[in-house]
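Line order of the protein sequences matches chains A and B.
Be aware that the first sequence starts at 1, since it is given in my numbering, and climbs by one per residue.
Be aware that the second sequence starts at 1001, since it is given in my numbering, and climbs by one per residue.
No lab work stands behind these hints, which were simulated from the structure alone.
In this text, a Cβ means the ideal position worked out from N, Cα and C, and glycines have one as well.
Errors might be hidden in some of the hints.
Among chain A residues calculated to face chain B with C-beta under 7 Å, some are [stated by the list, open to error]:
#, residue
1, D58
2, T108
3, F109
4, D310
5, L332
6, G353
The calculated label-pair distances, taken between Cβ atoms and stated as ranges, are [to be verified]:
#, chain 1, residue 1, chain 2, residue 2, range
7, B, P1220, A, E95, 28 to 34 Å
8, B, A1100, A, R346, 29 to 35 Å
9, A, R68, B, E1151, 47 to 53 Å
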Amino acid sequence: MYVAVKGGERAIENAHAWLAEERRGDTDVAELSVAQIREQLSLAVNRVMAEGSLFDPDLAALAIKQARGDLIEAIFLIRAYRTTLPRFGFSRPIETAEMACDRRISATFKDLPGGQVLGPTFDYTHRLLDFKLAADGEVPPAPMGQTSAEPVPHVTGFLNREGLIEEAPADDSDPGDLTREPLELPADRSLRLQSLARADEGFTLGMAYSTQRGYARTHAFVAELRIGTVAVEMDIPELGFEIEISEITVTECETVNQFKGSKTEPPQFTRGYGLIFGQSERKAISVALVDRALRWDELGEDDVGAPAQDAEFVLYHGDNVQATGFLEHIKLPHYVDFQSELELVRKLRREAGSDKGQEAAE
Amino acid sequence: MEWGNSMTEYNFAYLDEQTKRMIRRAILKGLAIPGYQVPFASREMPMPYGWGTGGVQVSAAVLTPEDTLKVIDQGADDTTNAVSIRKFFERTAGVATTTATAEASVIQTRHRIPEEPLVEDQILVYQVPIPEPLRFLEPRETETRKMHSLEEYGPMHVKLYEDISRHGHIATAYAYPVQVEGRYMMDPSPIPKFDNPKMEMPAIQLFGAGREQRIYALPPYTKVVSLDFEDHPFDPSKAPHPCRLCGAEGAYLDEVITDDEGGRMFVCSDTDFCERRRAAGHEGAQA
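Turn these sequences into a full structure, and let the hints steer you where they fit.
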């Protein structure tokens, strides 16, 4: 006699136990500590913080450990945790002009006030596997330079003095909050940038790359890419003044893009912008390019039908937690739907006179 | 933490009270405009999008400590995702759970409506993947919202007509579109069209789409019409067999493959319904 399979509950528990064992791996190999992940896989930690929308290196490292290194899974863990956190208020906007820069480069000027600071970059490394690392990861300390206490001015400010680049007027209105309001279109630039900041790095990179290859080309120069720490300040109503609550690392990219002008307005360069938690420069540059492509309407450009110009397409498909959930949900049982399709197809085939074996099999 | 619960670090039913209030407002708006998709600020839940986060948020917003919850997936209480969601609410809300349809005050479902008719005071919560019935005719949300506000439903009728001209039948077997109170076209979630006629019921029906950030609702006894044509009336057909275990004639059936020679049998997809019938002495051919 056929008995409908029971025991889903035990199967789930056993699967979880097996998963935990697989996560740990061979117990003869020392277990990874959260601190090791935080310190030695810091770019993975940065990505999880950026796309998880939560600046907490320890939690991000824990999520990476729990997720067995699957970064999208780790991002999901962080997002799910983040939703449960109470909201005490909002910080003041961070001042990236006051950033203590670890890295600051400009592709548009050879030299400039504040200088070019390469910082800890892969850029000019030769991508040769370093077999020494397999045996011994100890490194001599890097040479120290002089740091300047002076704030490093933004490169676009130099262009602005000549009126060569579009104004980015100060806007004191409250930005929208994607995590508290449903995304509705058209989305303004602050919402688009928010959405892109937490969008999947690969998706954003692909979108940005497509603009470089001609799908809504905006010809971007990296006016400035800076990475460093900024203070997070918050107004405390009870105190009547703001206090610094934390310091965070961010990556900011400003692009200078092809100009526009009209009979009445002289030609000016335009801007793209990206700001990301942590050291995440591939993502910051990608966001700046996609941001610029999405601005076609306000800048009076043509809609050439490129994916990166389509805010609805970009914003609805860039979130990897949403995307992976929906994609993977097709693993769930669908036998009720499938059954109804089966019956429909059988019926249509029967009527078309092409059904074979239906009766015989029963 | 206003109610005692077994997972002390989280609020009753996981979501904080502010969030639940926001969801309840969306539900009330949905009930006031049956079939209209209300945008809501869906939260990231600890289970993936596409796995019932909309339904879970709606359930969390309507559950009270006195409720008894039933969770089904494909009609069954013992499918893995139903087990997982039921456990989630056992842990976070500490509510009583049941598999008995009649004993539940809140039923969260994926892809089915229970066979046993629901009554007033029950709430049926659907998990919805794509809330927009027009989505596969028009991928843009900005466009489909316009179509709803203008009641521009012609393209759907054209699609159904094209099915008939191509196949002789409307080739939609599940998520079969309905029109609510003569106004909004609505996706009934991917239930088989066999279940569509049950949607005119005494219970409240709430639909949650987490990833798509939409909630919609049907108040009790709302008129729900499955789209059709005069000469091609709606046909809620199912496999023409009785259940092999309980002998039920009018229940929706799953096809179970029993060997590798093409042998198969048909059994009730509603496991609670089937078990109850068997307990009452009903027998199918293989019982």
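These are the hints, each one checked on the structure:
no., hint, in the structure
1, D58, "violated (17 Å)"
2, T108, "violated (37 Å)"
3, F109, "violated (41 Å)"
4, D310, "violated (9 Å)"
5, L332, "holds (5 Å)"
6, G353, "violated (12 Å)"
7, B:P1220 - A:E95: 28 to 34 Å, "violated (56 Å)"
8, B:A1100 - A:R346: 29 to 35 Å, "holds (34 Å)"
9, A:R68 - B:E1151: 47 to 53 Å, "holds (50 Å)"
Going through the hint list in order, the structure does not satisfy hints 1, 2, 3, 4, 6, 7.
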